[in-house]
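Visitor: Next come the chains, spelled out residue by residue.
2 protein chains.
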Amino acid sequence: MRVAASGRLVREVGEFALIDQIARIANGAAPRRLKIGISDDAAAWRPPAGHDVVITTDVLMERVHFRLDWTDWASLGYKALAVNLSDIAAMGARPRLALIDLALRGSERDQEVLDFYRSARRLGQRFGLVIAGGDTSRAPNGVVIAVTVVGDVPRDGRPLLTRAAARPGDVIAVTGPLGLAAAGLRVLERGLKTLDGSPAMQAAYHRPQPRVWEGLLLRRCGVRAAMDLSDGLLGDLPKICERSGVSAIIETYRLPVPNAIKWGFPDWRDLALRGGEDYELLFTAPPQVFERVCHVFRRARLRPPVSIGQVVEAGAEGPQVKLRDLLGKLEVVEPGGYTHFKT
Amino acid sequence: MRVAASGRLVREVGEFALIDQIARIANGAAPRRLKIGISDDAAAWRPPAGHDVVITTDVLMERVHFRLDWTDWASLGYKALAVNLSDIAAMGARPRLALIDLALRGSERDQEVLDFYRSARRLGQRFGLVIAGGDTSRAPNGVVIAVTVVGDVPRDGRPLLTRAAARPGDVIAVTGPLGLAAAGLRVLERGLKTLDGSPAMQAAYHRPQPRVWEGLLLRRCGVRAAMDLSDGLLGDLPKICERSGVSAIIETYRLPVPNAIKWGFPDWRDLALRGGEDYELLFTAPPQVFERVCHVFRRARLRPPVSIGQVVEAGAEGPQVKLRDLLGKLEVVEPGGYTHFKT
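Heads up: the sequence lines are chains W and D, in that order. Residues 0 to 342 (numbering that gives the first Met the number 0) make up the first sequence, in order. Residues 0 to 342 (numbering that gives the first Met the number 0) make up the second sequence, in order.
With the rest of the complex left out, here is chain W:
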C-alpha cells in the first residue's frame, strides 16, 4: 500500500510549523459548540444542555498495533480515530470531539502526517466530529498514536449501553461479520494478496467501520447491554458475562462468518471466535427489543443485526461462555482473545 512519499521531512519542518499545518486541517470545519480548538493550552467545548459527556481513549503503537510497511498514513489516521469512535458507539453516545497525540520519529514526510489528519478528519465529518486538539512529540523508537474522543448523550431516561446490563433471556447479537479483520491481518502477514476476498479482509483490518449510527439506534430502541468487539468474540463476551453475572450460549452455526474466510483459512472458526479488531457491536436485548432493533435498522437502511445466541443464568461455577453446535452439543470454552503482556 506504500507509495513514494512526498513532502519534506518532519524534522526539517519542525514541530510548530507542523502544528500550524495540522491546525489548518483540523480547524477547517469547527462547529459552533467548539469554543476553542487547536491553538491554545486546551480545547473548550459547550455540551448541549441536558446531555452527559462520554469519553474514551486508545493508544496505537508501531509494531504492536500496526506496521508502517503494511499500512499507509491515511489508513492509520482513519483507524486510530475509528477504534475510538467504536468505543463511543458501544455506549450509545454520539462522538463530538477528538484529541490526537502523535509521536513521530522525525523521518516521516510532512505530507504523510497531513494525510493522517486529513483522513481522520474525513472519517470524523461523517459523524459531525471535529479534531479539537492534541499533542505532537518525538518518538525515537517508533510512532505512537493516542486518541481521545469525547461524545455526548441526552439525559432522556434511557441508560447508556454498558457491559453490566445483560439479563438471562436476552438475545445475543452482533452488527456485522466476524473474523474479517483477523483474516485481513493474516493476509498481510502471509502476503496472500491473491486470496479470494482479500481486499475486503484487508479493508476490514485497515478501515473498520465504527458502528456509530447503530449504537445510537440500539440505545433508542431500548437496548441496555453492549460493547464493541476489539479482542474477539471469546475475548469480549466473557467481559459482559462477568460484569453482568450471567452465562452465554453461542450457537456457532449462526455466527456471521463470510464464505471467503471459510474457504481461505482452515482455522476460520478461530478467526471468527477469537480474531480481534472487527469493531462490530456486540449487544444483548430481550427478544422483543431485538425485533424492534431489526425493524429500525432496516428502516434506517443499516444491515440488520445477527442473533448468535442467548444469555442464560450463571450456574454454580459462575459466568461461562458455552458454544452450541447444530446438534445441540454444548462445549464450555476457555475465555480468550487478544491480550497484551501475556504470550
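FYI, nobody ran anything at the bench for these hints, they're computed from the structure. Just so you know, not all the hints are guaranteed correct.
No copy labels: a pair is met if it fits in one copy or bridges any two.
Simulated pairs of lysine to any residue, SDA-like, Cα-Cα distance not exceeding 25 Å [what the hints assert, rightly or not]:
1) Lys34 with Pro153
2) Lys321 with Gly244
3) Lys192 with Val256
4) Lys34 with Arg157
5) Lys261 with Leu194
6) Lys34 with Gly221
7) Lys34 with Gly244
8) Lys34 with Glu61
9) Lys321 with Glu14
10) Lys34 with Ala22
11) Lys192 with His50
Fit chain D to the given chain W structure using the hints.
Guide: Showing chain D alone in chain W's frame:
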C-alpha cells in the same frame, strides 16, 4: 531515586488483572457526577449545568520526556498528570477527570505501575479530580504515557484564559520562579547531587506544582491572557505575542530566578529564559487587574505573582520579544525554547 522494586512482573500478571488493580485504585473515590468510571468502553460524566468543558492531552515518552533511571514511578505518575493539570489551569478551568493511557514493556513490577496510579490519584484528589479511564498496552521500545484531562468552567460571562488576549499596556507576570526545573534536569544529567539547592531543583523537575487554584483566581480576577510555561519563557511568550498580535518587553532584572541557580550555573540566564518545564503560569493583565490578582492571591495564601515586563504594540516588524536590562538597554531576542524534531 530507585529502590528495589517489589511485586510481580507486569507480563506475568497480565493485562486484565492489572486493569482490575488499577480500577480499584482509581474507582476508590468516584464523585457523584462520574456516572461510569473504569469498567466499560468509555467513561460517562455529568458536567455541572451551565458549564463549558475544557479538554487537554499530553504525551510523555521514555528517553524523550523522562528516563527511568532518573525517576521513580510515583514521580512519573505525578508528573504525567501535573503537566496536564497545568494546561487546564492555564485556561482558568477546574480539572475534573483524567484518562491515562500507559504502554509498558512488560518487565515492570506491578507495584511500580500501581505506585504510578496511586501517585496520580493523590495529586488529582487535591483538586477533586478522579481517574476515569484509560488504556493499557504493550510498548516493546520504551514506556509511553498519554494523559487526557477534562475540566469545566462556569459560563459566568468571564472568558477563558487564552493566548490571544494580551493587549498593549498589560503587565506580564509569572506565578513562580523560572529555571528551577531546567536546573533540576541539569543536576540529574551531570550528577550534581551535592550542589546547593539541588533537592529543590530536582523536585521542581520531578514534581512540578500545577497552578490550578492560581488559574481559577486569575480568571475570576478578570485576567484574560495566560498560558503555562512548558517550553521556557522565550519559547512560550512568543506564542502569546504571535496569537495576540503584540510585542513584549521583559525586564530581565525582575525575573524571579532563585539564587541557588545563579550561584550554581554560569548560564543561569539561559536556564531562566529558555529552560522548560517550570509549569508556572505566564499571564498578562492591565495594571489594576494585576494589583487585584496580587491582593487576592495573598488573601488566599498563594504566592503573589511577579511582574516581569509589559506588553507593547507590535512594530512594523511584527510581534517581537525584547529584553531590557537595568540601564534600559533593549535587546531583541530570537524566540526559542524547547522544540521537538529540530536539533
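Visitor: State for each hint whether it applies.
Guide: Right, here's what the structure says about each hint:
{"no.": "1", "hint": "Lys34 with Pro153", "verdict": "both (20 Å within a copy, 13 Å between copies)"}
{"no.": "2", "hint": "Lys321 with Gly244", "verdict": "within (15 Å within a copy, 66 Å between copies)"}
{"no.": "3", "hint": "Lys192 with Val256", "verdict": "within (20 Å within a copy, 63 Å between copies)"}
{"no.": "4", "hint": "Lys34 with Arg157", "verdict": "between (29 Å within a copy, 13 Å between copies)"}
{"no.": "5", "hint": "Lys261 with Leu194", "verdict": "within (12 Å within a copy, 69 Å between copies)"}
{"no.": "6", "hint": "Lys34 with Gly221", "verdict": "between (33 Å within a copy, 19 Å between copies)"}
{"no.": "7", "hint": "Lys34 with Gly244", "verdict": "between (43 Å within a copy, 20 Å between copies)"}
{"no.": "8", "hint": "Lys34 with Glu61", "verdict": "neither (33 Å within a copy, 33 Å between copies)"}
{"no.": "9", "hint": "Lys321 with Glu14", "verdict": "between (52 Å within a copy, 23 Å between copies)"}
{"no.": "10", "hint": "Lys34 with Ala22", "verdict": "within (15 Å within a copy, 33 Å between copies)"}
{"no.": "11", "hint": "Lys192 with His50", "verdict": "neither (46 Å within a copy, 53 Å between copies)"}
Comparing the model with each earlier hint shows violations of hints 8 and 11; every other hint is respected.
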